[in-house]
Amino acid sequence: MTFTYRISQWQLFVVVALTSISLTPFGSPAVHHDFGRHIWVANLVQWLVTGAGGLLALALARRFAAGPAGRFSVRAVGPVLGWVYGFLLATYVFLWGPVGTLDTMLQLLEVMELPETSPAYPAALTLGISSFAAYLGPEVVARFAEAFSWFLLIGLVMILVIPLAEASLGALLPVDLPDPAPFYNGTTWAYVLGIRGFFLVPLYAAYLDYRRRVHRPVLAGLLAALVVVGVITTTPHLLFSDAALKTLQYPGLETMATSPITILPVESALFVTVLIWHGIGFVVVAATLYVAAALFADLFRLPHHRWLVPVLAGLAFVILRLPLQTQVRETLMVGWSLLGYVVGLVFPAAILLLRRGKRVNP
Amino acid sequence: MKAGRSRVALALLLVPGLLALTGCRDRVDLNDRAIVMAVGLDAADEPGRVEVSMAIAAPAGATGGGGAGNAGGGAGGAGGWRLIVRSSAGRTVEEATLGINPGIGRRVYTGSSALLAIGEDLARQGIRPWLDYFIRASDFPMKVWVVVTRGRARDLMAATSDESGFQVLDLQDAFEQVEPRQALTHNLRFWRFYDYLVAPHRDPWCAYVAALERNHLIEAVAVFSGDRLAGLLRDEEAAAFGLFLPGAFMSNVFVARPGPDAGEPGPGDSVAIRLKSVRKAVRVTSVAPRRLAINLRAEAIVTEGLPVTESPRAEAEIWQAKVTRAMEESVRRLVDRLRDWRADPLGFAETFRRIDPRLAEGWHDGWPDLEVDVTVELLFRTGLRGRGIGW
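If you're matching them up, the sequences are chains A and B in order. 1 is the number of the first residue of the first sequence in the working numbering; add one for each residue after it. 1 is the number of the first residue of the second sequence in the working numbering; add one for each residue after it.
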């Protein structure tokens, strides 16, 4: 496969930023309870993990540039192990986006805006539209994200800034280190590992033009996501006491319900929030649906990823409709996060390190 | 062409999905909803129960119906619509709300509420168990205003007025638009009220409101200790309280009166001032014993009462010193009053918490060892006009 310039720097920035923001601020509400006013410590760890992961992903992307990501492992560790690895990677991406992200989004939608509507309707709609974009290919997914980006930018600024009007930085005082107990908790790591849009970079590698300096949009996208996630997770602690936060189901969202937007005829920033997160959900589901379909198509030697997209979307819909207890759901979420870092970063990094100097791609 | 047709076909398949988002199957028509404008909580006749009252917007011609266990009445208003008030008691707020539903034949929707009124009796008994419902109910807006009512909250729900037709609506206007900078109308929204209520190192407060015959009266600041109403701040104490609120200083009036032996104040015994700006600093000077220093630096304009003499500047300095002492005295009285009530609406414990969280523990048991030093620095301006020509 040859280098073809298909995704612009701005599109790459938007895809990485939005998939990194994803639903990280809301995916682990227990982190708010565990850390309290020390939430900034969790954010700092998230910055470190994401920074290291992003740089590693960029290094991997340069090595993957000649072909689909799953194929390098076959050359590196043989056909059987390589196939198993590729399958795990594809499964992970599928569980992260069309299942995990969409599941959290549907929960938010149900809790905040549509308590009486069956989640099946928005799930079908999101999967349908995202499938359409993924079916048409990564260029369309990127353009889809680009088309959303300006609307999302304005909305994100609104929902970030408005609740800060009544915030007090003093609430984070005194600045001291927290009890280390939360770091032994899986949900903490699911949150810390939550920024993971950079996973898509090696998987999109064949569509990137390295003469155009890929690292800038990727790192800028990660930085933007870290700022957004950091502000959304910290703001509740600037407004509410720890005792009150324990009664809130989604502190990040409920904080946005505190401030009326007097310049617009809407009740609160929550109205904008739901639109924003639905838009981000579309982009994440479309991007990951495409990548999962492309990886599976390569593994099963299908001529094209296209017809796998509706199959995967249908499968995601079925999984989403499975009744799961909250505890099981949280355990799975932690498991997915850890699996993601193993198959997305640790394993390929180890292969590259051990087989340094040898070309793992043709 | 084939690809184009398949795309169109796919797009057509997706359009019905959009229709499904409107909730065609399980929708509730607007006409079938009871839009609640204000919610009131009162102590029920039986102990351990709460009475929930709802002021429900009803278009002209709508009837309220009347179910068992419901009490209520209607209040006519301007614009061809009115408020119907329905009440029901229950062991929980949820149970009481469900009791209101059959009485009106519509599904109650509290998402448009703008006021949560708490009856004085209930406020004195404790409100924490009853407010949990509102923080957890997904459709109840967290930005509603909270007030304590003189007498029953239900009476405020039903009270009519000359302005908008309903006193609950007038109150919302007062908090949102009319005089947000006055101490008495600088109220707390529900999310903040609830936060102070459950925080171990802060106590809530809100406006204390009376429903008069044709108008409401915001007559005091209701201060809680824990989740119980501890007392009411009025007049100078309320004004002193207002000094600590962000932006709530514009219309505060401090009057320097003569001492207790001087009898009733007469002409020339007092001046009225309008505070132009207040900078407040509350800092911890010692943790064992706990000692706080409150420093207020204010700029004030004299609006009434300064005698016209041959040396106005000297006269102003005399009164500046008098008013400064009066303000210090007011703040000290306020602090003493809050100490008596074991209430901490100004967040003194929070100031200690920011140094060490352990210092803010057990605050509701009283703050016996806390010493508070109050200093006020006041800069007088003797005219309302600027420093231009003619000043």
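For the record, the hints were derived by calculation from the structure and aren't laboratory data. Backbone N, C-alpha and C define an ideal beta-carbon position, used for all residues, glycine too. Careful: at least some of the hints might be erroneous.
What the hints assert, rightly or not - As a list, the in silico DSBU-like pairs of lysine-lysine whose alpha-carbon atoms are at most 35 Å apart:
id, chain 1, residue 1, chain 2, residue 2
1, A, Lys-246, B, Lys-280
2, B, Lys-276, B, Lys-322
3, B, Lys-280, B, Lys-322
4, A, Lys-246, B, Lys-143
5, B, Lys-276, B, Lys-143
6, B, Lys-280, B, Lys-143
Stated by the list, open to error - Computed spacing ranges between beta-carbons, pair by pair:
id, chain 1, residue 1, chain 2, residue 2, range
7, A, Asp-209, B, Pro-200, 53 to 59 Å
8, B, Asp-45, A, Arg-321, 45 to 51 Å
9, B, Ala-281, A, Lys-246, 53 to 59 Å
10, A, Leu-338, B, Ala-288, 45 to 51 Å
11, B, Arg-128, A, Val-45, 31 to 37 Å
12, B, Asp-356, A, Ser-168, 46 to 52 Å
13, B, Leu-30, A, Gly-186, 40 to 46 Å
Status of the hints after comparison with the structure:
1. A/Lys-246 to B/Lys-280: holds (31 Å)
2. B/Lys-276 to B/Lys-322: holds (18 Å)
3. B/Lys-280 to B/Lys-322: The given pair, whose Cα atoms are some 20 Å apart, holds under the 35 Å limit.
4. A/Lys-246 to B/Lys-143: This hinted pair holds, its Cα atoms lying about 19 Å apart.
5. B/Lys-276 to B/Lys-143: The given pair, whose Cα atoms are some 29 Å apart, holds under the 35 Å limit.
6. B/Lys-280 to B/Lys-143: Since the Cα atoms of B/Lys-280 and B/Lys-143 sit roughly 27 Å apart, the hinted pair holds (cutoff 35 Å).
7. A/Asp-209 to B/Pro-200: 53 to 59 Å: Check passed, 58 Å falls within 53 to 59 Å.
8. B/Asp-45 to A/Arg-321: 45 to 51 Å: Given about 48 Å between the Cβ atoms, the range holds.
9. B/Ala-281 to A/Lys-246: 53 to 59 Å: violated (31 Å)
10. A/Leu-338 to B/Ala-288: 45 to 51 Å: holds (47 Å)
11. B/Arg-128 to A/Val-45: 31 to 37 Å: For A/Val-45 against B/Arg-128, whose Cβ atoms are near 35 Å apart, the range 31 to 37 Å holds.
12. B/Asp-356 to A/Ser-168: 46 to 52 Å: violated (18 Å)
13. B/Leu-30 to A/Gly-186: 40 to 46 Å: holds (45 Å)
Checked against the numbered hints given earlier, the structure breaks hints 9, 12 and satisfies all the rest.
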